[in-house]
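Enquirer: Each chain sits in its own coordinate frame; assemble them with the hints.
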Amino acid sequence: MKVSVARGELLDALSVVAKGLSSRTTLPILSGIHVSAHGEDLILQSTDLEISIKTSTRAKVEKPGQSVLPGRLLNDIVRSLPEAAVSIDVGETGEAKVVCGTSSFSMRTLSADDFPKFPEVSAETTLSVPSDAFAGIVHRVSKAVSRDETRPILTGVLVVMDGSDLRMVATDSYRLCLSEIAVGGLSGQMEVVVPGRALEDVARLATNAEALSVGVSENQVIFSFGATTFVSRRIEGSFPNYRQLIPKEVETKVEVDRGELLDAIKRVSLMAQHNAPIRLSVAGDEHTLSLGAQTQDVGEAHEDLQVAITGQDVEIAFNHAYLLDGVSVAEGEKIAIEIVSPLKPGLLKVAGSEAFVYLLMPVRLG
Amino acid sequence: MDESVPSWTGRAILHVDMDAFFASVEQLDHPEWRGRPVIVGGSPDGRGVVSAASYEARRFGVRSAMPSAQAARLCPDAVWAPARFDRYRELSRAVFALFGDITPDVEPMSVDEAYLDVTPATHGEDPVGVAQRIQSAVDELGLSCSIGVATSKSVAKIASDHRKPHGITVVPPGTERAFLAPLPVTALGGIGRSTAARLAGVGVRTLGDLAALDPATAGHLLGSAGTSLLERARGVDARPIDTGRERKSVSAEHTFSTDIHTRDEVEMHMRALVERVTSRLRRAGVAGRTVTVKLRFADFTTRTAQRTLAGPSDLGAELEPVALELLAEVWSVGTGLRLLGFGVSGLTDPSRQLDLFGADSDAVRHGELMRGIDAIRGRFGEGSISIGPPRRSSRERDEG
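Protein sequence lines, in the order shown, are assigned to chains A and B. Residue numbering for the first sequence is 1 to 366, as defined by my numbering. Residue numbering for the second sequence is 367 to 766, as defined by my numbering.
If we strip away everything but chain B, and leave its shape as in the complex, we get (with noise of 0.2 Å):
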């Protein structure tokens, strides 16, 4: 890929993804660990996992997410390093000071992800630049990113993916189609190994292959994200930044195709926003105190219903019953609902006060869960792991 673009039209978005971020933090603060292969994560002896795993490591076979004795048998001969999240935060910070040096239009995804815009009609610099200088700039606080360059999220995250670690890639203006043709469909975000293998029955192995598609196939094939997948696999993917800066609520709503009635329906789809919205909570670093509940009827009539709480949460295990009361507060089982909305408001702080008495073990617990999720899914896409809807026993299955 030729690197040294002249002129850049259009937006430039940069995805600046950390190599091996924890581990990095390891090789950084222990010197004589360089070199060798570093895994942070629970001890191969009990059952935890792995959270990262230096390069090193890596050419074993380690990645995240594998339990521990696994990685032990891999890589017998790793470093083990608990992980310390107060001292990665604190470099993650080191880090997000930079691209904030850059531009304020920052979009963190995690402590070691992040987009910007640095669309040059604004910036006033060649993005290709501005990505080498990040590089070199990260490289000085003695950890490595690699950075994608292109005018999407979408395709900045799949270019900063392309060559890891230390990689600048650039997908030019006009160039994205060309790019993402030769790739597997698992490239993209949202397209898991079930999905990949529906694909593939029908002939479907690049992105180049879905590009081809035609809108009504791929809303078959991939049911109501089919657009949306189709567009990026062509490179269209006009999302903005989301900063996150100044937000007074984060909410999400759904209309539905035809109105649901069953309070199976509508609980599912509450259950599904207040998933959607905490997670957005969530990767924003923010928690609320004030839950909202949006309904419309069949008749266009919106009714909301809202509460605040005694603290900020950012779970849904906390914020799903709330949702749930507001709900049957306005809604009656029978009654056809067009639309269905969730939001929470009066943003602060996630940070948690924690009780002598043990009383909040539940939410911590759930808290740590819903944190190990989130990493999942900023790894492997929204859709690779999601949570089912509570188990129901078998004499409620007779009644229902």
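In isolation and in its complexed conformation, chain A is listed as follows (with noise of 0.2 Å):
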């Protein structure tokens, strides 16, 4: 094999294919690219057997072939590299030589024949989303994405296609936040639960495209985008009903500034120390929104907001991490939280608007 590519396009390529390579080292070759030149294209791919990612760039190809580079070098060596062509010359010998100007390198390869097979998946269902606003509702669910591998359905994110709308529910038994957006042209219905980590790789990768295609098929969900293809699997095992986890009814409704909130919430979290919660005061009469923290042996930290209310007073307390996870993803100016009783799950949400909902569920004082 041999043949040569513009240093930019082969580091862009590089950059999608290493999210898919694996840190096991029981199996060496997944740390490897597989790299394989046909006609005017030169094809990356990379696996760790959960997700699979291929992706393409143009390339002058003297001599078709393939073979498997080691990732992580290949990338850190293109990435020095300056800006001109870089030539990858496999000889017989299995030895890889790539050279750039006046640098060349050479490396051990491994037989592309050992190379899991890229899956052939051929999808039921597929719909066409701008990647931008995928973009957006994952970076608002994935916070919500449990890391705990004894529930492995918790580590992914529900995807919902439905009619017109497109919605991800994420959650980590603590807090789940859906998040949902119009797509116009949207046909054809589909729910899969996708690994969190799989989801917010093709929302980074996929920035550069201007929309995704998603696929599903019975065990495996595709994504494509410009030229790439990313495969994950499917996580199986149903997914929490989340529509019987939010509240319908709630007792007190408070609309807040969500800036003013977002910095009140990071100040006196200073005071939220060693596992202390944040508490929040509903006062009807004083139209005040009061958040307290304390720590034995430190101090505490109070902060009133003027607020609108409807309905009851009440406190509650939540952990401030989880808290300024919520506000912090949720788009809008102003904030709703609605609260059932101190002990159920309270609800962050963009006021005005159902297509953002961050549940909650409080801490209970020691």
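The hints are all genuine.
Just the calculated beta-carbon pair ranges, DEER-fashion:
#1 A/D263 - B/S750: 47 to 53 Å
#2 A/G188 - B/R450: 50 to 56 Å
#3 A/S328 - B/P687: 36 to 42 Å
Take a look, some chain A residues computed to stay more than 12 Å from chain B by CB distance:
#4 E9
#5 L49
#6 E124
#7 S142
#8 I235
#9 G259
#10 L305
#11 A308
Okay, the calculated bits of chain A under chain B, using three or more residues with CB under 8 Å as the criterion:
#12 169 to 182
#13 266 to 279
#14 311 to 319
#15 340 to 350
#16 357 to 365
Honestly, the hints are just simulated from the structure, not real lab data. Note that beta-carbon positions come from the ideal geometry of N, C-alpha and C, so glycine has one too.
Expert: What follows is the structure, given as structure tokens:
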């Protein structure tokens, strides 16, 4: 195989497939990037057996062929090169030569025959979504994705396409975040649980493309954008029934300026150390939402915000980091806080909209 | 009792006990309820119990921990108020802030009770004057407290209960034994009804009778607690104020007079240690993430095993299984043990993040139960209620 490609384009393609490199040392082949040259294309692939990524770039192919090169090393080398043509030449001996200007590197390769075959997936349903809208909802829900592998289903994001709505839901069992957007031109329906990390990678990688298409097969979900195909396994099992968790009726509603609330939470949280929560008190007579935090032997903080209140006075406590997450990803000038009672989940919404719901379980004071 | 003590020698301990705290808060917040019998607790229609009763309600015989239905029969005209613990905690913080202004040496016993060390040698002020100052400051909050002033925690606690509500009872240094002597033995924390009956059987009815016993007889009548109860009946109690500040861990251990070998014995002692430590954690208002089990074998070698949990806990129901698992890692049945210890470190705020799917509901319920038990112990003494070993099925009993 002998191929020559512009350094910038090669680096872009390598950065895409780098997301799929495995860190598992037990299978060395998975730390490699599968490189193949045909016609006028250089095709790169990587997989960690959970996700598989394939992307291509225009290249001058002198001699078609394929090989597996050490992934991180190739990335680091190309990143360090000046902006010029890079040639990759893999000879009969299995040694790869990477040359750019006066720099040259040679490295061992692995056999392309040992590299897992890229999953050939025939999608039963395919939909197309603007990539910025997709990235927006992924960003909003991803904080609520669980990192706890003991409940695999919660490490995923429920992706629902229903009529013209694209909806994502994530929960780590302490909070649940739902975000949806209306997407023109959607047809068909799908409901799939995708590993949270894969979804975040797709959202990040797809920002250069205008739209991405999402296809679903029995076991896998396929994202296509630009010259890239990103295949992830689906997470099996049933996602918690989120509709049932979201309270239909609440006792207290507070409407507050998002920026003010965000700043107040950040300030008061400084006194919420060692697992201490942040307390919210709603006083209708005074039109105030008070935030308070107290750490034993350290001190306390307090702040009052002028807000619009309907319903009953109430006091509720939350983990400050979870509360901050919810307020920081809500997009809108005004936030609505809805409370049922001190030990029932509280709701954060963008005022006047149902497209964003952040459900947060309170902290029970010790 | 002479309340104008010119000079106080030795330690001075105050025991400040709020008068009908929850009920007083309700009367403070609802002026129309003042002077009327107020009962805080579960509805008399259900199976609730009385959390607190105002002095007006107590005149009808209403007591804490009484079934609400019974209280309603005794006092049909009472005002029933649902408990508002957040509000009580808020006022409790205000009261403790007053204590903090007086001295840093405050040992909180519960939301409405604390010991303060106001030893004049270090504090530089007459303890009785301090007590009067605290009482007026509490009055200004719209609440009421009773205070015992003595040379030890044990005597101060009995003194605060001597004249309630709104009393200050001073037991000057050297007069402890005379003060205690006429009181019934049940005045001493740790002597419940059954112990009192046993003592009455041998003619011991007052603390004076108890104080006159010799240590061997006291040990025979009262078991392992005999020596300390006897000392406390004589007004001797050197326990320091435990402020809980800068505490890194809470632990307890037990040395056995003869080595223990069987699983039942070892696990029983471990359960008791876990209960002691978790009760102290809750009283100190902290929870911990790291659990340590300590063993000393017959040959004096010591082993420990430790585990860090996902989140902090102050509940025996959560920590006991961990303790027993750790125990199994370092001890095999039949090996003699001369010491067993249990500790919790990595102390943090005990607030508990609730779970959307109710995975924690058992722990939450258990927490409620333990707080109830703590309240009973706080009021009636450590021995007033205990948790039995898990009930075994008949099959297990046959095998055991």
